[in-house]
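Chemist: What follows is each chain in one-letter form.
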Amino acid sequence: AQKVTQAQTEISVVEKEDVTLDCVYETRDTTYYLFWYKQPPSGELVFLIRRNSFDEQNEISGRYSWNFQKSTSSFNFTITASQVVDSAVYFCALSDSGAGSYQLTFGKGTKLSVIP
Amino acid sequence: KAGVTQTPRYLIKTRGQQVTLSCSPISGHRSVSWYQQTPGQGLQFLFEYFSETQRNKGNFPGRFSGRQFSNSRSEMNVSTLELGDSALYLCASSLSGRGDYEQYFGPGTRLTVT
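Chains A and B supply the protein sequences, listed in that same order. Counted from 1, the first sequence has number 6 at position 6 by this note's numbering; the numbering is strictly sequential. Counted from 1, the second sequence has number 70 at position 70 by this note's numbering; the numbering is strictly sequential.
Okay, chain A solo, but in the shape it has when bound (with noise of 0.2 angstroms):
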């Protein structure tokens, strides 16, 4: 079965500050998928990025970069001097190859909230 865990239910950063967002995943498959998405408060889900197994390179966008390391199943999301407008719940998702390739499954989220 997949799982999704974000151990961090809620974070508190003064802006200008980085951020990390932890995300450690379960799968039995090889091939998968993991996602991030952002929840702003109208509630609509942003996709942020998504990453296949086979490919653990970082990735950077703007202010945001993405650590994937499949030794510690883990994805995690930093966000570089944030701002008030990430102010968001961030979620981690997982889509893998077996019966569950047609779905996402999600972890809880992290509220993160940016003071000024």
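Bear in mind the hints are in silico, worked out from the structure with no lab data behind them. This list has only true hints and no planted wrong ones.
Chain A regions said to be covered by chain B (calculated; three or more residues, Cβ under 8 angstroms): (1) 35-44; (2) 47-60; (3) 101-115.
For every residue, glycine included, the Cβ atom is placed at its ideal position computed from N, Cα and C.
Here the structure of chain A is known, so what remains is to put chain B in place on it, guided by the hints.
Modeler: Coordinates of chain B only, in the frame set by chain A:
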């Protein structure tokens, strides 16, 4: 390109009633998935449709059903509403429904059951 649209955005129903929610995917996307989001259970998968066929179903009672039309638009229905069905219902569309493509979400329908 227009995003995923969901109607209605807000809905208030009484226990025992039924409700139908609608989702229009991004043009060209043939897969539509539905998720329920509650404070207690988080985001839970309901079902996924591709070319009018349900390929996967989450662990929800039979009161929850869905369908997809030939134009890829999808509806979900909840019969005999219970208070616990109050939630944000999110629809997602993608090219394949698998993880090999991004899944884009709509703004959701917030259902309140009184």
